[in-house]
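Enquirer: With these hints in hand, go ahead and build the complete structure from the sequences.
Number of protein chains: 4
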Amino acid sequence: MANFKGHALPGSFFLLFGLWWSVKYPLRYLSEKVNKKSHRSQCYQRLEVIEGVAKIIFALIGMLAEQFVPDGPHLYLYSGKERSWVKLMNWQHTTMYLFYGLSGVVDVLTYSPLKVPLGLDRLMLSIAVFAEGFLFYYHVLHRPMLDQHIHSLLLIALFGAAFSILVEAFLRDNIVLELFRTSLTILQGTWFWQIGFVLFPPWGGQAWVEDDHSNIMFVTMCFFWHYAVAILITITNYTLAYCCIQRCKRNNGEIDIGLGIRKQKSDRSSLATLLNGSDEE
Amino acid sequence: MANFKGHALPGSFFLLFGLWWSVKYPLRYLSEKVNKKSHRSQCYQRLEVIEGVAKIIFALIGMLAEQFVPDGPHLYLYSGKERSWVKLMNWQHTTMYLFYGLSGVVDVLTYSPLKVPLGLDRLMLSIAVFAEGFLFYYHVLHRPMLDQHIHSLLLIALFGAAFSILVEAFLRDNIVLELFRTSLTILQGTWFWQIGFVLFPPWGGQAWVEDDHSNIMFVTMCFFWHYAVAILITITNYTLAYCCIQRCKRNNGEIDIGLGIRKQKSDRSSLATLLNGSDEE
Amino acid sequence: MANFKGHALPGSFFLLFGLWWSVKYPLRYLSEKVNKKSHRSQCYQRLEVIEGVAKIIFALIGMLAEQFVPDGPHLYLYSGKERSWVKLMNWQHTTMYLFYGLSGVVDVLTYSPLKVPLGLDRLMLSIAVFAEGFLFYYHVLHRPMLDQHIHSLLLIALFGAAFSILVEAFLRDNIVLELFRTSLTILQGTWFWQIGFVLFPPWGGQAWVEDDHSNIMFVTMCFFWHYAVAILITITNYTLAYCCIQRCKRNNGEIDIGLGIRKQKSDRSSLATLLNGSDEE
Amino acid sequence: MANFKGHALPGSFFLLFGLWWSVKYPLRYLSEKVNKKSHRSQCYQRLEVIEGVAKIIFALIGMLAEQFVPDGPHLYLYSGKERSWVKLMNWQHTTMYLFYGLSGVVDVLTYSPLKVPLGLDRLMLSIAVFAEGFLFYYHVLHRPMLDQHIHSLLLIALFGAAFSILVEAFLRDNIVLELFRTSLTILQGTWFWQIGFVLFPPWGGQAWVEDDHSNIMFVTMCFFWHYAVAILITITNYTLAYCCIQRCKRNNGEIDIGLGIRKQKSDRSSLATLLNGSDEE
Numbered sequence: 405m406a407n408f409k410g411h412a413l414p415g416s417f418f419l420l421f422g423l424w425w426s427v428k429y430p431l432r433y434l435s436e437k438v439n440k441k442s443h444r445s446q447c448y449q450r451l452e453v454i455e456g457v458a459k460i461i462f463a464l465i466g467m468l469a470e471q472f473v474p475d476g477p478h479l480y481l482y483s484g485k486e487r488s489w490v491k492l493m494n495w496q497h498t499t500m501y502l503f504y505g506l507s508g509v510v511d512v513l514t515y516s517p518l519k520v521p522l523g524l525d526r527l528m529l530s531i532a533v534f535a536e537g538f539l540f541y542y543h544v545l546h547r548p549m550l551d552q553h554i555h556s557l558l559l560i561a562l563f564g565a566a567f568s569i570l571v572e573a574f575l576r577d578n579i580v581l582e583l584f585r586t587s588l589t590i591l592q593g594t595w596f597w598q599i600g601f602v603l604f605p606p607w608g609g610q611a612w613v614e615d616d617h618s619n620i621m622f623v624t625m626c627f628f629w630h631y632a633v634a635i636l637i638t639i640t641n642y643t644l645a646y647c648c649i650q651r652c653k654r655n656n657g658e659i660d661i662g663l664g665i666r667k668q669k670s671d672r673s674s675l676a677t678l679l680n681g682s683d684e685e
Numbered sequence: 405m406a407n408f409k410g411h412a413l414p415g416s417f418f419l420l421f422g423l424w425w426s427v428k429y430p431l432r433y434l435s436e437k438v439n440k441k442s443h444r445s446q447c448y449q450r451l452e453v454i455e456g457v458a459k460i461i462f463a464l465i466g467m468l469a470e471q472f473v474p475d476g477p478h479l480y481l482y483s484g485k486e487r488s489w490v491k492l493m494n495w496q497h498t499t500m501y502l503f504y505g506l507s508g509v510v511d512v513l514t515y516s517p518l519k520v521p522l523g524l525d526r527l528m529l530s531i532a533v534f535a536e537g538f539l540f541y542y543h544v545l546h547r548p549m550l551d552q553h554i555h556s557l558l559l560i561a562l563f564g565a566a567f568s569i570l571v572e573a574f575l576r577d578n579i580v581l582e583l584f585r586t587s588l589t590i591l592q593g594t595w596f597w598q599i600g601f602v603l604f605p606p607w608g609g610q611a612w613v614e615d616d617h618s619n620i621m622f623v624t625m626c627f628f629w630h631y632a633v634a635i636l637i638t639i640t641n642y643t644l645a646y647c648c649i650q651r652c653k654r655n656n657g658e659i660d661i662g663l664g665i666r667k668q669k670s671d672r673s674s675l676a677t678l679l680n681g682s683d684e685e
Numbered sequence: 405m406a407n408f409k410g411h412a413l414p415g416s417f418f419l420l421f422g423l424w425w426s427v428k429y430p431l432r433y434l435s436e437k438v439n440k441k442s443h444r445s446q447c448y449q450r451l452e453v454i455e456g457v458a459k460i461i462f463a464l465i466g467m468l469a470e471q472f473v474p475d476g477p478h479l480y481l482y483s484g485k486e487r488s489w490v491k492l493m494n495w496q497h498t499t500m501y502l503f504y505g506l507s508g509v510v511d512v513l514t515y516s517p518l519k520v521p522l523g524l525d526r527l528m529l530s531i532a533v534f535a536e537g538f539l540f541y542y543h544v545l546h547r548p549m550l551d552q553h554i555h556s557l558l559l560i561a562l563f564g565a566a567f568s569i570l571v572e573a574f575l576r577d578n579i580v581l582e583l584f585r586t587s588l589t590i591l592q593g594t595w596f597w598q599i600g601f602v603l604f605p606p607w608g609g610q611a612w613v614e615d616d617h618s619n620i621m622f623v624t625m626c627f628f629w630h631y632a633v634a635i636l637i638t639i640t641n642y643t644l645a646y647c648c649i650q651r652c653k654r655n656n657g658e659i660d661i662g663l664g665i666r667k668q669k670s671d672r673s674s675l676a677t678l679l680n681g682s683d684e685e
Numbered sequence: 405m406a407n408f409k410g411h412a413l414p415g416s417f418f419l420l421f422g423l424w425w426s427v428k429y430p431l432r433y434l435s436e437k438v439n440k441k442s443h444r445s446q447c448y449q450r451l452e453v454i455e456g457v458a459k460i461i462f463a464l465i466g467m468l469a470e471q472f473v474p475d476g477p478h479l480y481l482y483s484g485k486e487r488s489w490v491k492l493m494n495w496q497h498t499t500m501y502l503f504y505g506l507s508g509v510v511d512v513l514t515y516s517p518l519k520v521p522l523g524l525d526r527l528m529l530s531i532a533v534f535a536e537g538f539l540f541y542y543h544v545l546h547r548p549m550l551d552q553h554i555h556s557l558l559l560i561a562l563f564g565a566a567f568s569i570l571v572e573a574f575l576r577d578n579i580v581l582e583l584f585r586t587s588l589t590i591l592q593g594t595w596f597w598q599i600g601f602v603l604f605p606p607w608g609g610q611a612w613v614e615d616d617h618s619n620i621m622f623v624t625m626c627f628f629w630h631y632a633v634a635i636l637i638t639i640t641n642y643t644l645a646y647c648c649i650q651r652c653k654r655n656n657g658e659i660d661i662g663l664g665i666r667k668q669k670s671d672r673s674s675l676a677t678l679l680n681g682s683d684e685e
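Protein chains in written order, with the numbering used here: chain A, 405 to 685; chain B, 405 to 685; chain C, 405 to 685; chain D, 405 to 685.
A portion of the hints provided could be inaccurate.
Since copy identity is lost for identical chains, a pair holds within one copy or between any two.
No more than 25 angstroms apart at the CA atoms, straight line, and that leaves these computed lysine to any residue pairs for SDA-like [unchecked claim]:
1. Lys485 to Gly609
2. Lys491 to Trp629
3. Lys653 to Ile461
4. Lys519 to Asn656
5. Lys437 to Met493
6. Lys653 to Phe408
7. Lys437 to Pro517
8. Lys491 to Ser556
9. Lys519 to Ala406
10. Lys428 to Gln650
11. Lys519 to Leu575
12. Lys653 to Trp424
13. Lys653 to Pro517
14. Lys491 to Val633
15. Lys428 to Phe622
The set of hints was computed from the structure by calculation and includes no laboratory data.
Expert: Written as structure tokens, this is what we have:
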């Protein structure tokens, strides 16, 4: 969908995942520092499965939206006597969503009885991001200069994230890589919104001049401002997670001193309590 | 051979290897999880030698086909008074096969008494894929747009596989890398067939318009559909391997309980039985 | 600031950091070889915090200079009825400084009670260098040939350093990577000065001919001479550090024999004495 | 020197090093397999120092040759009233040799009392190869097509070798990387000779047509034939080393059985005997 909504939808998906990760990974990292290896790992497995299902649902929404918007291809690939292609743009976007869907499927399979080897889930996510990157690369050739440039900046975030996730397939649960991925995902989310605002101003207004070199220069700089903001969001959420864990620790500590009896419970403290608090009590 | 057969032949070779690997690696991974370190490793060494020999044979077939088809160079490199080059296309294809042949030779040498260091076999395979990639890169310059684009998409699969195999030289027997290689090999196989169908429609019919931009767009997308299918094939075969191993385990378990005597045999169970069942009994 | 000062300022910052590192890392490496694991690590943490603060200050100076020089944008991003962009060059330079400032902030946070995971400081520095690289890349398109070439050579140093620092996020305290980073930082510093001298000769004189191909050739070669000098500086400072550590060792050894009492003090010898000598005595 | 000799000289240097490495590394690898960790390591350190000195000498020869051939710059960088550059080609070649000289210096320093950290020698060699690569890259722009292509193929070998040596800085004494470097060095050596034969046929004869596309195609393929030969040379020398070590082992074994007394000597057997046989006896 070459309109504002077509950019706002994937932007929201990426933003949601990015913000969620910016909370999840610091919480896990910090709570593991506090009490080493409790049975929280099971809780995280459940989270990964839920994330996988969310990816599948988001991908389905995206694919259906691309196919069945009023000016979509409605699942026709070619038509007419001359067998001309129908709405290839929408089909390409559908393909991008498809790979994220596949990534969700592998996420779910990893924690199924099949025991798909750990690491394949990250590999598949990396492939999905690479696929998005390559499709975008060929997608925007032969477009006006500003359109091409604003999309090609996205490629920096995409290939950066794809490489980083590829490394995660081998260095799993590395907090540095996870926060890097997080910041790049937030960047991708906000940048999709920015593309929407620049190319398809939602409240009308005059469009940006496509061939003005200073627009290009501003957009380049703006991309890095988005990244600075994404980094600040990540740092802020890390700090919030830190405060949260500190408070949990203090509360649990007091309980331990006061009662002794609830020791067993405090073992699965902090993050587990936060994430999974109600399922066994 | 710039015709349908010239693309179907290597396509079949890659497809054969890809499908074989999509069965072999899951079987090995899953059977190793069940019974740790039995003498199956010897059985796998034999398989690697057989693979090496298969590579050599396939490479020889490919080289002979490229040289001795009716319009081939018949081993003449230049001819005439002016020493003009003869059929350089076929010679370039011959060179591609040559490197896969060399990779087969190093595979065989690795398990010969020479004890070529482990890892060199993977390095040589990686070099063969890189060589194919670079030859293709220079091969398709100055061709019509669709021809060039459809071949250059192959480069993504080639360089991806080459890097992945290069890493395998140092991270040997890593199931994630092996399945990645498997999926890219299947992709390469099916894509060679696709190139054949697009550029040289075997049942006649009208050729694709070379300079139509929407053809380019479709072909890009189609490449990623091929990859999605390659991934699904890999997942399916992994699942089949899983079921197969589960059945073997259950059968062996029952025998163990019932007889006790056949314990020794069941040690080399599952994959070894499947692959090598008849050679000692 | 597209003038001599605008290149001399960042050049001096990089040169200062490069020279400081070319002393610090050899001293740390050699003193660790002499007495293994003393409480010097604390002293190095303090140094890292000081470096972080220095980065923040340098970044602030740079940003303020870019904004408030007489021909700067004075914090106006656009102006006039037509909302035309104001001095985007200066804004882009401000953005480059901003990322180094962020890197300083993460450096400080790493050793704050927040316990930001080790490695994120290196990752952030790497991102800052990448950001500088990408901004430069788009910055110099559409400029005269010599201008473009002399800046694009800088990209070799920038992307080299960015990759090397990225690896440091995972291979922390690796002396090989640290000295590589050091040499590339010195190179960047001297090259900024060189750019200033070539494009904006400070003592007037005739400017270089922009389109002369032999100027391009000389500049390419000159860049590598700068690097050779940067390597020689690093080697020289390493040698000085070696001599310094040797003398300290000899002195401490004599004291140990002579007095015995000062043993405790000599434990935190060599580098700690040099860097931190006066803070507890 | 843009003539046959100017390519034959560096070609011979690389070929010499490549052939020497193709003997040295297999010998070391195989002899280490036979008797684990003897005092041979000292012997290899001496060899590395000798290699370093050889690099310095070769680099000096190359630099002097480039400067003082009859049509060389004789150390003049610019001349005349207009300060025009003198023979920048030769100056660029001199710069390439310079970096290999620096690499030799770091090799020697590594085993000096200075104790330059292990790994810096490999890093410096990698930098030398990168420098050669980048200089070549800018060197051949704006040249006739065949000239440019034949040199740019060299870049594949150069950047491949540079990356491989960079990895060696961290994975030292890895036989796979060492043999890869060996094969690429042989390739570089033979390819320099090939460039000489193509661009400056030494026995006169007609020059190759610069703009003939089939010449380009042949040259591409020929480059890979050179690499196939380089691999075969490496395999052959490995096999010879294997036979040599086997014979040594058998001889030493017989001595051990026959005399018992010479046991001590046989400890430093095989390669040490070969390389260093006469220095203590």
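Enquirer: Hint by hint, say whether it matches the structure.
Expert: A quick look at each hint next to the structure:
1. In this assembly of identical chains, the alpha carbons of lysine 485 and glycine 609 lie at most 25 angstroms apart only when taken from different copies (15 angstroms versus 41 angstroms within one copy).
2. For a Cα distance limit of 25 angstroms, the shortest separation of lysine 491 from tryptophan 629 across copies, 17 angstroms, qualifies, whereas the shortest one inside one copy, 34 angstroms, does not.
3. With identical chains, the CA atoms of lysine 653 and isoleucine 461 are never at most 25 angstroms apart, being 36 angstroms at best within one copy and 36 angstroms at best between copies.
4. Proximity of lysine 519 to asparagine 656 under the C-alpha cut-off of 25 angstroms is restricted to the inter-copy arrangement: shortest distance 21 angstroms between copies versus 36 angstroms within a copy.
5. Taking the shortest Cα distances, lysine 437 and methionine 493 never come within 25 angstroms of each other, neither inside one copy (47 angstroms) nor across copies (45 angstroms).
6. With identical chains, the CA atoms of lysine 653 and phenylalanine 408 are never at most 25 angstroms apart, being 45 angstroms at best within one copy and 56 angstroms at best between copies.
7. Taking CA atoms no more than 25 angstroms apart as the test, lysine 437 paired with proline 517 passes between copies only; the shortest distance there is 13 angstroms, against 30 angstroms inside one copy.
8. Taking the shortest Cα distances, lysine 491 and serine 556 sit within 25 angstroms of each other both inside one copy (22 angstroms) and across copies (24 angstroms).
9. In this assembly of identical chains, lysine 519 and alanine 406 lie within 25 angstroms of each other by CA distance neither inside one copy nor across copies; the values are 40 angstroms within and 44 angstroms between.
10. For a Cα distance limit of 25 angstroms, the shortest separation of lysine 428 from glutamine 650 inside one copy, 16 angstroms, qualifies, whereas the shortest one across copies, 36 angstroms, does not.
11. Taking the shortest Cα distances, lysine 519 and leucine 575 sit within 25 angstroms of each other both inside one copy (19 angstroms) and across copies (21 angstroms).
12. In this homomeric assembly, lysine 653 and tryptophan 424 come within 25 angstroms of each other (Cα to Cα) only inside a single copy, at 22 angstroms, whereas the closest approach across copies is 41 angstroms.
13. Taking CA atoms no more than 25 angstroms apart as the test, lysine 653 paired with proline 517 passes between copies only; the shortest distance there is 15 angstroms, against 35 angstroms inside one copy.
14. Within a single copy, lysine 491 and valine 633 get their C-alpha atoms only as close as 35 angstroms, which misses the 25 angstroms cut-off; across copies the closest is 22 angstroms, which meets it.
15. Taking the shortest alpha-carbon separations for lysine 428 and phenylalanine 622, neither the intra-copy value of 34 angstroms nor the inter-copy value of 39 angstroms comes in at or below 25 angstroms.
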